[in-house]
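Asks: Listed here are the chains, written in short residue letters.
Number of protein chains: 2
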Amino acid sequence: MPAPSIEFWFDFASNYSYLSAMRIDREAAARGIAVTWKPFLLGPVFQELGWTTSPFVLQKRKGAYVWRDMTRLCIKHGLPAWRVPSEFPRPSLLPARVAVAARDEPWMHDFCRRVFERNFVEDRGIHQPDDVAEVLNALGQPADAWLTRAQHDDTKARLRTQTEEAMQRGLFGAPSFLVGDELFWGNDRLDDALGWTP
Amino acid sequence: MPAPSIEFWFDFASNYSYLSAMRIDREAAARGIAVTWKPFLLGPVFQELGWTTSPFVLQKRKGAYVWRDMTRLCIKHGLPAWRVPSEFPRPSLLPARVAVAARDEPWMHDFCRRVFERNFVEDRGIHQPDDVAEVLNALGQPADAWLTRAQHDDTKARLRTQTEEAMQRGLFGAPSFLVGDELFWGNDRLDDALGWTP
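Sequences listed follow chains Z and C, in order. This note's numbering numbers the first residue of the first sequence as 2 and each following residue consecutively. This note's numbering numbers the first residue of the second sequence as 2 and each following residue consecutively.
The hints are simulated quantities; they were obtained by calculation from the structure and are not laboratory data. What you are looking at is a predicted structure, and each value in this text was computed from that prediction instead of being measured. Just so it is clear, CB atoms sit at the ideal spot from N, CA and C, and this is done for glycine as well.
Computed footprint of chain Z on chain C, listed as stretches where at least three residues anywhere in the stretch have a Cβ under 8 Å from a Cβ of chain Z:
(1) 63 to 73
(2) 166 to 179
Quick list of in silico lysine-lysine cross-link-like pairs, DSBU-like style, CA-CA up to 35 Å:
(3) Z:LYS61 x C:LYS63
(4) C:LYS157 x Z:LYS63
(5) Z:LYS63 x Z:LYS157
(6) Z:LYS157 x C:LYS63
(7) Z:LYS77 x C:LYS63
(8) C:LYS61 x Z:LYS61
(9) Z:LYS63 x C:LYS63
(10) C:LYS61 x Z:LYS157
(11) Z:LYS61 x Z:LYS77
(12) C:LYS61 x C:LYS157
(13) C:LYS77 x C:LYS63
(14) Z:LYS61 x Z:LYS157
(15) C:LYS77 x Z:LYS61
(16) C:LYS61 x Z:LYS63
(17) C:LYS63 x C:LYS157
(18) C:LYS77 x Z:LYS77
(19) C:LYS157 x Z:LYS61
(20) Z:LYS63 x Z:LYS77
With the rest of the complex left out, here is chain Z:
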């Protein structure tokens, strides 16, 4: 029997992905489950639906609700007090490329969590080279080398492929979780996904 594992699909621009990113490794480890972090881009998913940006921006009442919901959920999950980002959704292409390039590095999950915190706790940019370099430097990693690697054609192609794979496997939003081919959508489903027995 293979060791239990779960795939965590996310976009750095997604506030509900932030909630899952901050707890999934801890909660999975408590159950002996391995987590594979899979960054992808929501942009092509939204484009396919004819949306020019996040539904939280396009649908005013839903957007207002989501910020209130985040306030409550940050309290519930023991996270810093929620504040609405001054830019939403923030472009997330560059950190996603770095995360894809660094997928086998032991600091990859830390990198992702720090990008999320930068976006949703510190309300700072995440898509300029300087933004990403700051995160890499804080982790003791050579920023220039990773930024260069992030812009390699191989890395670009890999992120594109990963986004296409997301759609082919049924994803339509983030965060999403896959246990084998069993799909769970939303931070609200993380516990069900971790408890899923194929």
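Got chain Z; can you put chain C on it based on the hints?
Replies: Frame of chain Z; chain C shown alone:
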């Protein structure tokens, strides 16, 4: 201090409303909370967003996911095995009008649950007079009298007003729950709503 109470806003066409309808009275009673059932129509909410029908129909991958999610949630909540309705979303205007007309009747919640079960357990129509009459008869109520009352101008206006009120108070989907002005959206938030202390 007023007795704690919660408003349950729903549309008979909404499958996630069905999940909440089947458990809200029991779970609220266990906490000493009174529930006011508020039928409204999702149609005008979707129209405002430019949608001609449910997002579960318009967004194919999301729709496929939702049926799988319902299968899992019906098991989780101890409900009959889920089957996809042969018509979705079913028009819900007539039962909504009856529910509004019967809002002060002791059998109103039973009526609503039976309409939901007809739609989502029995896969039968809910919007023809004969459909609604069958539900009323099963409850020992005079079907003709209630169907007539459902079509009164007063009843029609009341449902319209209730739907407008829903939007004015920030609702954008169903089920939704209001504890005072605190809004919770989705069957996933029912427990949080019942536990909310203003």
